[in-house]
Every structure is written in C-alpha cells, then in structure tokens.
Amino acid sequence: MKNRFIRVAFSILLSGGALCLMPTAVHAQTTTSHSPYSQFGLGQMREDLTPQQRSMGGIAAGLRYLGGMPTLNVSNPASYSAMNRTIFDGSMYGNFTQLSKGSGSDNTGDFAFGHITFGIPLKKAGGLSFGLLPFSDVGYNAYEDQNLGDLRYRKSIAGEGGLNKAYVGYGVNLPIKGLSIGANAGYLFGNLTDKATVEFPNNAEIYNTIQTNNRYVRGIMLDYGMQYFRSLGNRMSMTIGYSGTLNNQVRNETTSMGTITAGGGSALDAIALDTIISPVSFGQRINLPLKHNIGITVSKGYNWTVGADFKYADWSNTRQPAGQAPLGKNIGVALGGQFKPDPTSPKYLNIVDYRLGFRYNQTEITLNNRRINDMAVSAGFGIPLAQKSFGRTFSMLNITGEFGQRGTLQNNLVRERYINIHLGFTINDTWFIRGSID
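Counted from 1, the sequence shown has number 195 at position 195 by the working numbering; the numbering is strictly sequential.
Everything labelled a hint here was simulated from the structure, so no lab data went into it.
Just so you know, even glycine gets a beta-carbon here, dropped at the ideal spot from N, CA and C.
Possibly wrong hints are sitting among the right ones.
Unchecked claim - In silico DSSO-like cross-links for lysine-lysine, where the CA-CA straight-line distance does not exceed 27 Å:
#1 Lys-300 / Lys-177
#2 Lys-300 / Lys-347
#3 Lys-177 / Lys-124
#4 Lys-123 / Lys-195
#5 Lys-123 / Lys-291
#6 Lys-291 / Lys-329
#7 Lys-329 / Lys-300
#8 Lys-124 / Lys-340
Stated by the list, open to error - Pair ranges (Cβ atoms, derived):
#9 Leu-423 / Leu-349: 15 to 25 Å
#10 Ile-116 / Arg-230: 31 to 41 Å
#11 Ile-294 / Pro-326: 47 to 57 Å
#12 Gln-284 / Pro-341: 47 to 57 Å
#13 Arg-319 / Asp-429: 43 to 53 Å
#14 Tyr-348 / Leu-246: 44 to 54 Å
#15 Ala-325 / Asp-429: 46 to 56 Å
#16 Arg-235 / Ile-383: 41 to 51 Å
#17 Leu-246 / Phe-88: 25 to 35 Å
#18 Leu-132 / Asn-234: 39 to 49 Å
#19 Ile-120 / Glu-253: 46 to 56 Å
#20 Leu-151 / Pro-326: 26 to 36 Å
#21 Gln-146 / Met-69: 53 to 63 Å
#22 Pro-326 / Tyr-360: 15 to 25 Å
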C-alpha cells in the first residue's frame with residue numbers, strides 16, 4: 001500500500017510546474033532574494049551597479065564623472081580611463097518585501113553583501129579595476145493544498161542560493177579625442193538549489209516525497225564598453241556611452257535526487273528514509289543573455305549630473321528547467337540625476353549630494369499570458385566625510401533607497417512591493433606619491 005502511495009506522490013511531484021501560476025500561498029525563506037519570480041532562469045539579476053548609480057535609477061552606460069570627479073563604473077569599463085585617484089567602493093544590501101496574491105500577503109526581509117571593487121589609475125596607460133559583485137539571487141517558497149479523492153496533500157516548491165562574479169577590467173583612452181574603450185573579464189560562480197515536495201501532513205502512514213536539484217554554475221564571461229566625452233563650455237560636459245556583453249556561455253553541473261520522508265509533518269524538516277531516485281549528475285552549457293545598454297549623461301562641474309539609459313537583454317536562448325515557459329527579452333529604461341546645492345558653501349547640507357531616479361523594466365518573464373513588469377523610484381544621499389592627507393583623500397558615505405513593485409495581482413499572479421536599502425562607502429585616494437620629506 002505504501003509503495004502505491006509513493007508512486008502516486010512522485011507522479012504528483014513530476015506533474016507540477018511553477019506554483020506562482022496557481023492559487024498559492026507565498027512564503028519567504030532566509031536568502032538575499034524573496035521573489036517567487038527568482039525561480040526562472042538564473043534567479044533575480046543584481047546588475048553591476050553601485051549605490052550611487054542605483055539611487056539615480058541605475059544609469060550606467062554614459063556615467064563617467066559624478067560630482068565633478070571620476071567614478072568607478074563597473075557597468076561600462078571604458079570609464080576606468082578617466083580615473084585619476086585610486087578608488088575603493090564597497091556596500092551592503094538590505095531588502096524588505098511584501099508578497100501578495102489574492103487576499104493573502106506575507107512580509108519578508110534580509111541583509112546581505114553588496115559589492116567590493118577597486119579602481120587604480122595608470123595615468124596615460126588608462127585604468128585598471130577588479131572586485132567581487134553579486135550576479136543573481138534565488139529565494140522563493142510557495143505551496144498549495146489539493147485533494148486527490150479523499151486524500152489531502154500539500155505541494156510546494158522552494159529555492160535558494162546565488163551567483164557571484166569576480167572580475168578584472170581595463171579601460172584606455174583612444175587617440176581620437178574624447179573616445180575611450182574598455183572591457184571586463186569575469187568569473188561567474190555559485191550554487192542554486194531547487195526543491196519540489198509532496199507532503200501528507202494529516203496522514204503519518206503515507207511517505208512524503210522530495211526532489212532536489214542542485215545547480216553548480218561556473219564559467220568565464222566578458223563584457224565591454226565605449227564612451228565619448230565632450231566638454232560643452234561653461235563647466236558643462238556630456239558623455240555618451242555604450243556597453244554590452246559577448247555571447248557568453250557558462251557550465252552548469254546539475255545533481256538531481258529524489259528521497260522520501262515520514263508523513264504527518266514537513267518533508268523538509270524530517271530525516272530522509274530512503275532514496276527513490278539515485279543521485280544523477282549531468283552537465284550542460286548555459287547561454288547568458290546578450291545585453292546592449294546605451295546611455296547619456298550631462299553634467300555641470302560639481303553642481304549636478306543628469307542621465308538616461310536604455311537597456312536590452314535577450315534571454316530567449318537561456319535554457320529553462322523542464323516544465324517552465326521559455327524566457328524572452330528584457331527591455332528597460334532608467335532616468336536619474338544628482339544635485340549638490342553649493343560645493344563652496346560652509347554649510348554641511350549644501351555640500352551633500354542629493355540623488356533621485358526612476359527605472360522601468362519589461363522583464364524576460366511571461367506568465368499566464370502577461371508580461372511581468374518591474375518599476376521603482378529611488379532616492380539617495382552622498383554624505384562627504386572629512387578630507388585627509390591635505391586634500392588627497394576624499395571619502396563619502398552613500399545611502400540609497402529603492403521603492404518598487406514587480407508583478408501584479410491580475411491573472412492570478414504574485415505582486416511584490418519592495419524596499420531595497422543600499423549602504424555604501426567610497427574612498428578616493430592618491431597613491432604612489434613620493435613624500436616631500438624622506
């Protein structure tokens with residue numbers, strides 16, 4: 001009898017697709033993402049952005065100077081050629097999310113590592129940068145209760161993990177005045193875990209079943225950029241930029257295993273009793289999305305910067321797990337800027353950088369015949385700290401808040417309303433200078 005119920009439970013397990021298509025209760029777990037949409041592709045993408053850029057909507061392709069000084073912009077490595085000081089930039093990231101579906105909702109939150117990057121000027125030879133950034137996060141947990149005749153069972157999916165990118169990049173000015181190019185070589189690595197379970201919480205005589213897929217992602221990725229900078233007079237300047245990626249492929253090693261646990265409780269909390277599918281490992285190549293970003297910024301010295309970006313990414317060639325709909329194209333825009341009231345004022349609030357931005361994305365995910373959209377407004381501050389070494393060292397504390405929504409309550413989907421908090425620290429320092437007194 002138990003063998004028959006194991007077969008029934010396992011057939012239920014294999015028959016399911018994404019639970020966000022169904023009338024499902026949503027719950028979050030401990031991870032840096034709390035989005036049911038992170039189960040698609042490689043998870044929720046984090047992008048190569050600093051808190052300064054996120055507070056301005058995520059403008060990147062045309063960003064070369066910020067507040068009158070070169071900025072470390074990993075999104076477009078052509079910007080490295082403008083650096084005249086060694087730059088350190090690091091951050092932490094916090095997330096607070098409300099997940100809603102139908103009349104139900106749940107609140108989640110978490111904090112995690114943001115990024116750590118370095119930029120080193122090489123004078124006429126350009127600029128070098130290296131660091132570690134998050135690439136994507138997976139974090140979802142959803143279930144639904146169903147009946148099979150008189151038998152009641154619970155079907156659930158859960159996932160967690162993330163991918164990181166270690167990179168080194170170089171940018172240089174070309175002989176054509178104002179034109180620069182650059183490239184990043186990155187190593188992508190991380191683990192993603194997906195679990196699907198069928199539980200019988202009201203019947204201890206029936207075994208629960210669990211299918212676990214562990215994905216180990218590794219590989220080299222390349223991206224590149226170009227910028228054209230021009231002075232407009234009266235301390236005004238303009239930068240037009242483009243950045244993109246090659247047709248990068250990475251290695252995905254998947255280990256799949258099916259187990260059973262005792263019924264009458266949670267399958268994930270119980271000790272495995274037996275294996276119904278022996279661990280099976282297989283490898284495949286995954287196509288990362290082909291990306292194109294175009295942007296422009298206009299600045300006036302230390303006073304202000306405004307910019308806009310158009311972003312495009314094609315996920316249609318990225319493999320999806322069995323049972324999930326194919327991905328499409330991600331199309332987005334970003335608008336933002338920064339303003340400093342009076343750089344020469346003795347009043348502290350007048351030398352703070354005030355930032356504001358907006359972004360809108362039609363994501364690569366389509367569910368229930370509806371495109372999943374993501375939009376957010378952002379705001380932030382650049383708080384200058386005391387200068388050191390006779391003005392050779394400039395430090396700044398960067399605080400950013402993003403207030404956004406992903407998905408919708410229509411078409412039986414999940415709506416996310418989130419607040420992302422980014423806390424960053426930037427040091428601009430002049431290294432390798434011989435002291436005047438030995």
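The hints, checked one at a time:
no.: 1; hint: Lys-300 / Lys-177; result: holds (20 Å)
no.: 2; hint: Lys-300 / Lys-347; result: holds (21 Å)
no.: 3; hint: Lys-177 / Lys-124; result: holds (13 Å)
no.: 4; hint: Lys-123 / Lys-195; result: violated (51 Å)
no.: 5; hint: Lys-123 / Lys-291; result: violated (30 Å)
no.: 6; hint: Lys-291 / Lys-329; result: holds (10 Å)
no.: 7; hint: Lys-329 / Lys-300; result: violated (35 Å)
no.: 8; hint: Lys-124 / Lys-340; result: violated (30 Å)
no.: 9; hint: Leu-423 / Leu-349: 15 to 25 Å; result: holds (20 Å)
no.: 10; hint: Ile-116 / Arg-230: 31 to 41 Å; result: holds (32 Å)
no.: 11; hint: Ile-294 / Pro-326: 47 to 57 Å; result: violated (26 Å)
no.: 12; hint: Gln-284 / Pro-341: 47 to 57 Å; result: holds (55 Å)
no.: 13; hint: Arg-319 / Asp-429: 43 to 53 Å; result: holds (44 Å)
no.: 14; hint: Tyr-348 / Leu-246: 44 to 54 Å; result: holds (46 Å)
no.: 15; hint: Ala-325 / Asp-429: 46 to 56 Å; result: holds (49 Å)
no.: 16; hint: Arg-235 / Ile-383: 41 to 51 Å; result: violated (24 Å)
no.: 17; hint: Leu-246 / Phe-88: 25 to 35 Å; result: holds (28 Å)
no.: 18; hint: Leu-132 / Asn-234: 39 to 49 Å; result: holds (40 Å)
no.: 19; hint: Ile-120 / Glu-253: 46 to 56 Å; result: violated (35 Å)
no.: 20; hint: Leu-151 / Pro-326: 26 to 36 Å; result: holds (34 Å)
no.: 21; hint: Gln-146 / Met-69: 53 to 63 Å; result: holds (59 Å)
no.: 22; hint: Pro-326 / Tyr-360: 15 to 25 Å; result: holds (23 Å)
Hints 4, 5, 7, 8, 11, 16, 19, counting from the list given before, are not met by this structure.
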